[in-house]
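All chains, full assembly: derive it from the sequences and hints.
Under my numbering, the residues of the sequence shown are numbered 4 to 87, in order.
Just so you know, the hints here were simulated from the structure itself, not pulled from any lab data.
Taking CB as the label site, the calculated pair distances span:
id : residue 1 : residue 2 : range
1  : D67       : F7        : 28 to 38 Å
2  : A19       : N68       : 30 to 40 Å
3  : G72       : T41       : 16 to 26 Å
4  : L39       : V76       : 16 to 26 Å
5  : W21       : D67       : 40 to 50 Å
6  : G9        : I54       : 15 to 25 Å
Here are the simulated SDA-like pairs of lysine to any residue, each with C-alpha atoms no more than 25 Å apart in a straight line:
id : residue 1 : residue 2
7  : K75       : H62
8  : K75       : V56
9  : K75       : F7
10 : K75       : D55
11 : K75       : T61
Don't be surprised by glycine CBs; every beta carbon is placed ideally from N, CA and C.
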Amino acid sequence: MGTFVGFSVMREPVTADWTIIGDTKELNIHGSHLGLYTYPLTIDYINRNLIDVEPIVTHVMPMDNFEEGFQKVFTSFTACPRTK
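In structure tokens, the structure reads:
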């Protein structure tokens, strides 16, 4: 038993038969998909305090340090103190 995590941003509609992965391999499937206009809506909700981001934000840094931020993401999960 394992876990398959997928994140996608597709230009065209894509169909996938998840039974091949989920049923025959007995995997847990977790996924995310970027929907149209998602970022502006999410930013608006955060600005209006409609979403509590405290439980999911692990680091905050200035935009000038974006490369350091990407390095934290790509080095390992231990870079995120809230990871179990």
